[in-house]
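Taken in sequence, the protein lines are chains X and H. So in my numbering the end of the first sequence lands on 140, straight run, no missing numbers. So in my numbering the end of the second sequence lands on 140, straight run, no missing numbers.
Hints are not guaranteed to be accurate.
Identical copies look the same in the list; a pair holds intra-copy or inter-copy alike.
[Unchecked claim] Dumping the calculated DSBU-like pairs for lysine-lysine here, alpha-carbon to alpha-carbon at most 35 Å:
| hint | residue 1 | residue 2 |
| --- | --- | --- |
| 1 | 125 | 14 |
| 2 | 14 | 47 |
| 3 | 64 | 14 |
These are calculated hints, taken from the structure and not from any lab test.
There are 2 protein chains.
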Amino acid sequence: MARGTILLVGKKKIIEDRSELERLAPVMKAPLKRHVFVCTGKSCSKVGAGEVKAEFERILEAKGIRQGKESKGRNPMGEIVLTDCGSVGFCSIGPAVLVYPEGVWYAQVQPEDVREIVEEHLEKGNVVERLALIDLSTK
Amino acid sequence: MARGTILLVGKKKIIEDRSELERLAPVMKAPLKRHVFVCTGKSCSKVGAGEVKAEFERILEAKGIRQGKESKGRNPMGEIVLTDCGSVGFCSIGPAVLVYPEGVWYAQVQPEDVREIVEEHLEKGNVVERLALIDLSTK
Numbered sequence: 002m003a004r005g006t007i008l009l010v011g012k013k014k015i016i017e018d019r020s021e022l023e024r025l026a027p028v029m030k031a032p033l034k035r036h037v038f039v040c041t042g043k044s045c046s047k048v049g050a051g052e053v054k055a056e057f058e059r060i061l062e063a064k065g066i067r068q069g070k071e072s073k074g075r076n077p078m079g080e081i082v083l084t085d086c087g088s089v090g091f092c093s094i095g096p097a098v099l100v101y102p103e104g105v106w107y108a109q110v111q112p113e114d115v116r117e118i119v120e121e122h123l124e125k126g127n128v129v130e131r132l133a134l135i136d137l138s139t140k
Numbered sequence: 002m003a004r005g006t007i008l009l010v011g012k013k014k015i016i017e018d019r020s021e022l023e024r025l026a027p028v029m030k031a032p033l034k035r036h037v038f039v040c041t042g043k044s045c046s047k048v049g050a051g052e053v054k055a056e057f058e059r060i061l062e063a064k065g066i067r068q069g070k071e072s073k074g075r076n077p078m079g080e081i082v083l084t085d086c087g088s089v090g091f092c093s094i095g096p097a098v099l100v101y102p103e104g105v106w107y108a109q110v111q112p113e114d115v116r117e118i119v120e121e122h123l124e125k126g127n128v129v130e131r132l133a134l135i136d137l138s139t140k
């Protein structure tokens, strides 16, 4: 298989060929709609961010909408990306959950709030106002 | 000082008073424009994500535009939030850098690319096309 164009910049190989990049990163072909970040900083973790992230994983994977490898129970053509992130300054009001591209920052998210965020915001585009504190798009 | 309305939900105290929330999370008052994520997953870290993040820190803090605590050399009224994030599937083409709310995913970012991303994209809103592989807003 052709390896595509490779440029040498210092010691790094930079790949420029788009089909080669897509082969290496299948996420490029997914019809991504939203990216959810669960803060797993120290303070958020202490108040249950791990359980909140686990609940997102469980619900998104059951619905088949979490983008990722099939071998991990995810869907290569899923619309939702779920990752953790570092502290965003919601340390005293965590767990924090961020949804982009809207730029909505949710605070004090409990595992029992997750289904509503998934079904209202991620699937229908309706922000869950009772938990939303920052809307970056309107700033 | 009034502690604001506090509801008890199970064992958790949920704070509802907005001024109390702002006191606890001053980031709510910052004029946020963009959020930059540097992937610090295993693969990205192996190819220099730490150096890329450090370069963002250095440049954003020198410019005074990184939101955060003054005691950490940041600006409480900064426009840019910088955090790390978990793997997004760019493992073979890292380091990955994501900029929201645009939803631009940059691949193979080197420390020497960081100033261009800051000055073109973060400050002026011009995507650095040569490094951009995904534009979530157009998906």
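Evaluated hints:
1. For a Cα distance limit of 35 Å, the shortest separation of residue 125 from residue 14 across copies, 29 Å, qualifies, whereas the shortest one inside one copy, 41 Å, does not.
2. Taking identical chains as interchangeable, the C-alpha atoms of residue 14 and residue 47 lie at most 35 Å apart only when they sit on different chains, with a minimum of 14 Å there against 41 Å within one chain.
3. For the identical chains of this complex, residue 64 and residue 14 are inter-copy neighbours only, at 31 Å across copies versus 38 Å inside a copy, given an alpha-carbon limit of 35 Å.
Checked against the numbered hints given earlier, this structure breaks none of them.
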